[in-house]
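Starting from the known structure of chain G, fit chain Z onto it as the hints suggest.
Taken in order, these protein sequences are the chains called G and Z.
All residue numbers for the first sequence refer to our numbering, where the first residue is 1 and numbers rise by one.
All residue numbers for the second sequence refer to our numbering, where the first residue is 1 and numbers rise by one.
Everything labelled a hint here was simulated from the structure, so no lab data went into it.
Treat the hints with care, since some could be wrong.
[Claimed, not checked] Calculated cross-link-like contacts (lysine-lysine; reagent style DSS-like; alpha-carbon spacing at most 27 Å):
(1) G:Lys57 with G:Lys68
(2) G:Lys81 with G:Lys105
(3) G:Lys81 with G:Lys57
(4) Z:Lys44 with G:Lys68
(5) Z:Lys44 with Z:Lys17
(6) Z:Lys38 with G:Lys81
(7) G:Lys105 with Z:Lys38
(8) Z:Lys38 with G:Lys109
(9) G:Lys105 with Z:Lys44
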Amino acid sequence: GQNIDQPTEMTATEGAIVQINCTYQTSGFNGLFWYQQHAGEAPTFLSYNVLDGLEEKGRFSSFLSRSKGYSYLLLKELQMKDSASYLCAVREDSNYQLIWGAGTKLIIKP
Amino acid sequence: DAMVIQNPRYQVTQFGKPVTLSCSQTLNHNVMYWYQQKSSQAPKLLFHYYDKDFNNEADTPDNFQSRRPNTSFCFLDIRSPGLGDAAMYLCATAGNSNQPQHFGDGTRLSIL
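If we strip away everything but chain G, and leave its shape as in the complex, we get:
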């Protein structure tokens, strides 16, 4: 079956680094997306991984290991505005649909 697991909630301190993990079990794999969603707002695209390794975008990086069915999102120099939910989504094949995780709520404390 299809399954995407993320921690429900994490807490971190302003200025610190946090890693949000995502594991997936799908019948196929054709890319993994990370989205940020502030409360009451729509998801916004953060990163895309289709090959193993690290993709870096400013303060945010995303890592993928296809053999382990594992990804993480790394956030550096945390700011209060980074308080949001972070959703992991997997595309199984070349169709247009994504399988979504329930998201990890990240709380940033001063």
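Showing chain Z alone in chain G's frame:
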């Protein structure tokens, strides 16, 4: 500049009274999606269009219908809303399957 626009942001309707949510896009994307999202849950895909080709998810209730009269516009019709249909409804677009989905701001639907 908003690229995926959903109207209204907040919609209140009565139990059983039909309601239509709208979505428009200026990206000229081929694919448009409708999702339902409840608090602290993953977005749930209701259906999507590739151009005019309609794809319904197997578990989408018959109560939910959609129309895409042209590339730019897509509508979600809920024929007889129940209390369980109260949720955020998200419209998204994508140019092709390799590109990320771009979301509108969503419509939060309340049922009285």
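(request) Hint by hint, work out which the structure violates, then give me just those numbers in ascending order. (result) none
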